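J.: The opening position of the sequence shown corresponds to residue 0 in numbering that gives the first Met the number 0, with each subsequent residue numbered one higher.
Honestly, the hints are just simulated from the structure, not real lab data.
Each hint should be verified, as a subset may be incorrect.
Calculated pairs, PhoX-like style, for lysine-lysine (alpha carbon to alpha carbon, straight line, at most 20 Å) [what the hints assert, rightly or not]:
#, residue 1, residue 2
1, 165, 126
2, 235, 246
3, 145, 27
4, 81, 27
Please read all numbers here as calculations on a predicted model, not as lab measurements.
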Amino acid sequence: MVILVTNDDGFHSRGLQTLASALAEMGKVVIVAPEREMSAVSHQLSLHHPLRITELRENAFLIDGTPSDCVYLGAIEILDEKPDLVISGINVGGNLGDDISYSGTVAAALEATILNIPAFAISQLGKNGRYDFSSAATLAVSLARKISQSGLPGGTFLNVNVPASKPIGIEITSQGRRNYDQSVEKRMDPRGRHYYWIGGDETVQPDQPGTDLDALSRGMITITPLQLDMTSLEGKKTLSGWNNTLKFQD
0 MVILVTNDDG FHSRGLQTLA SALAEMGKVV IVAPEREMSA VSHQLSLHHP
50 LRITELRENA FLIDGTPSDC VYLGAIEILD EKPDLVISGI NVGGNLGDDI
100 SYSGTVAAAL EATILNIPAF AISQLGKNGR YDFSSAATLA VSLARKISQS
150 GLPGGTFLNV NVPASKPIGI EITSQGRRNY DQSVEKRMDP RGRHYYWIGG
200 DETVQPDQPG TDLDALSRGM ITITPLQLDM TSLEGKKTLS GWNNTLKFQD
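With the hints as extra help, turn the sequences into a complete structure.
T.: Here it is, written out as structure tokens:
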């Protein structure tokens, strides 16, 4: 196999290097990762400025861009042909619920899926600032083998989260909702100009059985299938009755 690995924590992240080392037994592993941390950039592609590729060593490349840039350049430019699999991670911290919309880690798997390459993102929760990537790395190899044998449904990729403590099992989940305090902290720089920090602390989660948040809280590894098609079937059903009430010309 040819496996492309990337992340949003940057090339030198221990999670990425642990993942690449674990996958080496499966074939050729090519690291194409951002030169610096690119967390929460979502599915950004750098369309309005040039990108540079730096080869650090054989099969290891730095990109001065986003995780999605890394997948695109890796699959289209760096490799002679598209890889058999793209794995994004191992991310430092979880990507759960609404985090998925912001995550550069998950977006890299999304970009691979757009390019018709099987993919999954994998993230590791920590405890007191410490992260043990061993369970996540073992699972990544096992999941990579399963995907190579069975494939994934068209337009589908996986989002995997591993608990901070020793996992007690694996659960296939749906995406939950993660609540945060909505806050903006306003400060002033030495030149008298205001600057802002956005974001807030996580609040108590409502009961969400069957979701990634619920399963992870019980010590389970969560595997959440995601898809390219974001059409809301319920919304489509509701809006179908609007046709005769909307105007498009006077």
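J.: Hints first: check each against the structure and report whether it holds.
T.: Do the hints match the structure? See the list:
1. 165 - 126: OK: residue 165 and residue 126 at ~11 Å, within 20 Å.
2. 235 - 246: OK: residue 235 and residue 246 at ~18 Å, within 20 Å.
3. 145 - 27: holds, 17 Å
4. 81 - 27: holds, 13 Å
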